[in-house]
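Make one complex out of these two single chains by using the hints.
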Amino acid sequence: MSLGSLKLNKGAHANFCKRFLFGIPGTFAEADSSRAAIGFYCLGALDLTELLESKTKVTERDGWREWIWEQQVRGNTVSPSSDTNQEYVGGFRPGPFMRMDEPPNLKHSDEPETDEPVVSTSDISTDPPHLIMTYTAILSLAILRDDFARLDRVGVRNLLRATQQDDGSFTATPGQGEADVRMVYTAFAICNMLDDWSAIDVEKAIIFIKSCYTYEGGFGQYAANEATGGPTYCCLASLRVVPKEYASQASLTEEQRQKTIRWLVQNQRSGGGFCGRTEKVADACYSFWCGAALKILDEGALIEERANAHFLYRCQASVGGFGKEPDDRPDPYHTYLSLASLALLRVRGDGFDESWALPRLDPLLNATEETAKWAREHLRSN
Amino acid sequence: MAKTEETGPLYAARPEWKDITPIPQYAENANPIAPIFYTEAYKDATDYFRAVVKAGELSPRVLELTESVIRLNPAHYSAWQYRYKVIVAINSPLAPEHALMNELATNHLKTYQVWHHRRLLLLLAAKRLSESKGEDKDAIALSPETELGFIASVLKKDEKNYHTWAFRQWVLATFFSPLSNLSSTLFSTSPMNEEEASAYRLSMLDDEIAFVESMLHADIRNNSAWNHRFFINFKLGTDVVMKSTHNVAEFDNEEKDIVGRELSYTKEKIALAPNNASAWNYIRGVLELAKIPFSSLTSFVLPYTRSHGQEADDDQIIDLDNPLPSSSSDLPAPPALEFLADIYERDAETLRSAEQSEQATVKEKLQKAIPIWRSLSEDHDVTRKKYWEHRIHIAQITCS
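For the protein sequence lines, the chains are S and W, in the order given.
First residue of the first sequence: 1, per UniProt numbering; consecutive thereafter.
First residue of the second sequence: 1, per UniProt numbering; consecutive thereafter.
Chain W extracted, bound-state conformation (with noise of 0.2 Å):
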């Protein structure tokens, strides 16, 4: 009997699919553009799989060949969404799929639509547990809580993948959201009335937060964990989208205590690693969120502006809010230059709109920025050369 290693017999060998007639791809004409020299196994499957579609057949079986079909083309978007189509129409459980799907994901973890059919699973399982009032038990296994775990799991072996990241983003989203319509406490196995379902969120972000950071952890430079952690104490919750066309309102006191937390937090990461520009578009997009000017970091700073050798007299003083940057640091570090260039600049800026400023003082500030960009092209970051260039003359023209 004529076998593939991923899905067995060949359908045409199957004594049980014998009932269907299988539909050839469609004969192309003679020049077709890029055909597929397709194997034995691939044409197989996807004959019968159109077959079933004409047909319109939806039964278990059909569970089987769009597997089959999936595994020998992941990006068959067609399968998919029969398959999605198959398990509503005869209600079939959703604890094996999720099971199949753990593995799928693993093995095609660039593959787009290995996350939409989990986004389709978890859904549909809220949907289930939210008609049968908790009592499908079936569709407790895809909890979001599960879901985060096998995220973990599935990040800790490729950490930077984009998908992965914005599927946990999109769970994050649906499930621990005030803002969104359903909500996690749906799967949990005791009710949860209305404070308790708020303090369990907010326990949830805190663990976020928390796996946010084992990921910093392992790699101070993986920039996607950046972007989680932002997005978790910044966008989850609020409406991401006027958020980010509009000004941010006046933040409360428990946003301004994140901001704060924040701060040290990355100052601390830059501490460890001052050429890290994950941490330093961070710090950035933090104190432009919450409207701290730049110039609040000077004395922060300004160590990590200085060689090895030429440290100030006070930066032997600890102080817990400034760290130092390491003795084993690359310093002086561009970012930290580009930083205190740009605090120049926005002094500058700030000057210049407030009208009673003499014109001298704006020049005095751009003065101190324009060696610096003109030590970056010239020494420390001689691959944006003309980037800095450019900043030199806009701060020039802006002078004269």
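Isolated chain S (complex conformation) (with noise of 0.2 Å):
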């Protein structure tokens, strides 16, 4: 197969992403519960092509910040067991799909600004924070370069606290929902931008990032589940952001790692892509999820990275966009991770021209290098 001039057609991407942001068809009603998921993936690709500022409006991205902090919240916990111990708990909710207070009337124009945290009280009960999203919103505000001088830290850390269940793991919502690997992994993300790990047990979370580890070398959403791409990206990838006192609990045996090596190596398929779990089919998102990994392994250098990147080609769809396999339908998921992959798994000549030239991605918080900079410095509490 001739490499002759393959093009990454960024600006179709980044049209592709914009669409989104504007507007969702409403037999996606299934995205009103992840919209700030949406948001980042579709910001996320907006960056990692270089065409935000190009392609949108100040006015359109000052108000996509807005929106995020429209999301912010404050409410009570509800705690059965212990009345005197409440606390509130800040963090972001995915969309305004479950507010019921009136909107504010229009700000009048002689009222002073202040940097106080705007947020809204709110019944966290019925229309509660998310840790997904909480982490998708940060990084969000951070690829638009705002200043975080309205994040509620104390509600943040408040949320990791109420979300942390007895066994290490999280849940999305405090007190309810399911509870995995993907919601520990955005704990400890925040926890690395807000550099404070005061508010969960870190040593419990890591234990139980420890159960997920399998017979095959890569790591299941809960104990004993099967080994596959993603939850084995959320668990390296937690493991490798605490602070330097957890290290050595946090490292993996020899042995571990070499497994661990040898399974992500395994899941490239002889189409260049990646298959998120033994003897499946390559899917693009994967090309994120295990590239990642073993770059976080500080293994990059074992991957084909131009078969990937001639895999990942296959997927662009000519509407713009990047589906699951060559010829899918294309969404914002896919399309951000492809990217995502394609900034780490760097591809360059013989073939691959100019368009292929992507910002550094950092792996651990899945962001540009310089968002994911922008984020810490203006996340640390001081």
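Careful: at least some of the hints might be erroneous.
Restricting the straight-line Cα-Cα distance to at most 30 Å, the calculated cross-link-like pairs of lysine-lysine (DSS-like) are [as the list claims (entries may be wrong)]:
| # | chain 1 | residue 1 | chain 2 | residue 2 |
| --- | --- | --- | --- | --- |
| 1 | S | 57 | S | 10 |
| 2 | W | 110 | S | 18 |
| 3 | S | 280 | W | 291 |
| 4 | S | 210 | S | 373 |
| 5 | W | 127 | S | 204 |
| 6 | S | 280 | W | 110 |
| 7 | W | 85 | W | 18 |
| 8 | S | 280 | W | 156 |
| 9 | W | 291 | W | 256 |
Think of the hints as simulated: they come from the structure by calculation, not from any bench.
Quantities reported herein were computed from a predicted structural model and do not represent experimental measurements.
Below is the structure:
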């Protein structure tokens, strides 16, 4: 197969994501409870193509920032066991789908601007903040270069405390729902950006992560579940973002590490893409989850990155965006993760022209290095 | 009357909902992120849902309303959570709820909430049974055995569905593990003593192995089924967290029997499809767990590393412990080559850690592995060229 003049169609991908930012058809009602995440995939793709500023207006970007801040909540946890120990929680909701308060009247022009956290008081038992959405909202704000003056850091810390379970895992919303390594990762990523781990029991969470290690070398979503790419990324990234004092507890044994590397490498298929589980077909998102996992293990050099890029080239849709496999319908999730994979597993020359140049990506936070740096600098609680 | 296919007439048009003032979705700012152009039905149902939640109404009609919301958006976790709250509050019967869930789970296999709600229902059934001393006949419909049957029927349609397998493991760990404080015997109509319960539990595990075998018979490359096999044999009934973070203690005789059975079973499956990575990963996992050296499988592996027409003389002898590759298989099998190289490398490692050993013997072992890796990188598994070259590089450093 000739690699003559392959093009990464950045402009079309940026346009595809921009369209999603402006609206989603009603047939995708399932997006209602994850809009902040969809926003992150779209803004992240614009960030990676370096077209955010040229494709969108300042007023639009300001509007999106305002919308994200509208999702910041403040409310009291309902703790049936100990009424005395009530603590308010903060963080972000996925969107206003369960918001029931009246919108405030338009702000009077003579009201002074304040840097105080602007948050709506809500009943978090019915309109709770969500851990994954909090992580994606924070990264989106960092992409939009917000100064985070309005972030209620205490509220975020209390959300982390309220979602950690006895076994070390985290639920997405306080006191309710399933608990698995996706939420552990987002909790760890938030602590890393805040540079503050005081709200959570890190040791317990590490024990939980390690219980998800499987005989194949990858990690499952929960103890004894099948090894798969997404959870493996979540676990390895979590084990690497912890502060130094936990480093020895968070490290894998050399045997475990070699087994993980073997399993990740085994997931690259002959067509160049990665599968998420043994003996399955390649899916564009695993080019990121497995590729980034190998990068985190400092073994990115073991990937055949040109074959990976060639697979992703074939997943590009003519209307823009990436689908999970060639000729599949594109969506923001696969679009963002394909671009993120290409930013990590870089290809240039020999058929891959200038269009494949992408900004460097921080594999631990899953954002461009500049956005990750911005987030860490502005979130740190001094 | 305005009507939608899935959920019937709009709530705004139903006389029995006249007492509720719907709450429209919060007016967003001028630049919302990813706004959804809601269908009329979704807007209608969620407007009423928000109103009901705000009023704190917990009543049978809210079950109908939440069902509408869930049908229009199965990922609406607030509707799921509220629905469960209503079921508990009004002591709603569980059997009809469970029947509805069977339909919704089949249509929305990949939605987290569908499976989480089922867990809550099963736990609630167990609670009602234990509180009523087994008298709550409605709850018996949710027996873990029925649940396993339902999951099996779902897995027949989507053989590798991650949520479904994870849910099956949860059912087994919650109701069929001696470590759990719940037991499936709660649901049995005749009481069992401890001994009977334990025998029953073991018979269930035999059934579970038979189930996995039927899944593997349908698709020998179904890695989810292989993982489940590992779960039943080596994880269920043990403290999963402890076993994975610490070294496994000595195996008792019963466990040794299981290990022996699993090695034979997997060898047979490898013979049928020598390139099946799932089976090789499984056999590696069993050996490592039981601390059996890879080299114990040398005579099994060798025939899989040769091309057809290069069989050794003794390959003709029938050895039941070491089944030969089927004549139609593609040989040499890359996973077998990898395994053979690992045998040499691990042997070298063992020799190196035994202090008196000769450096020359270590080298000799590694030099047997290097050409195998080279053949993988150049010929049999070029997709992973860099990985095999890396393995060669590491070995060469050790040798020099």
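Hints, verified against the model:
For the given pair, residue 57 of chain S sits about 18 Å from residue 10 of chain S by alpha-carbon distance, which is consistent with the 30 Å threshold. Proposed proximity of residue 110 of chain W and residue 18 of chain S is supported: the alpha carbons are some 27 Å apart, at most 30 Å. The straight-line distance between the Cα atoms of residue 280 of chain S and residue 291 of chain W is roughly 29 Å, inside the 30 Å bound, and the hint therefore holds. Straight-line distance between C-alpha atoms of residue 210 of chain S and residue 373 of chain S comes to about 28 Å, which keeps the hinted pair within the 30 Å bound.
Restraint check: the Cα-Cα separation between residue 127 of chain W and residue 204 of chain S comes to about 29 Å, which is no more than 30 Å; the hinted pair holds. At most 30 Å may separate the alpha-carbon atoms for a hinted pair to count; residue 280 of chain S and residue 110 of chain W meet this at roughly 17 Å. Restraint check for residue 85 of chain W and residue 18 of chain W: the C-alpha separation of about 23 Å stays at or below 30 Å, so the hint holds. For the hint pairing residue 280 of chain S with residue 156 of chain W, the CA-to-CA distance comes to about 17 Å; that is within 30 Å, so the pair holds.
Of the pairs offered as hints, the one joining residue 291 of chain W and residue 256 of chain W holds, with about 11 Å between alpha carbons and a cut-off of 30 Å not exceeded.
Of the numbered hints stated above, none is contradicted by the structure.
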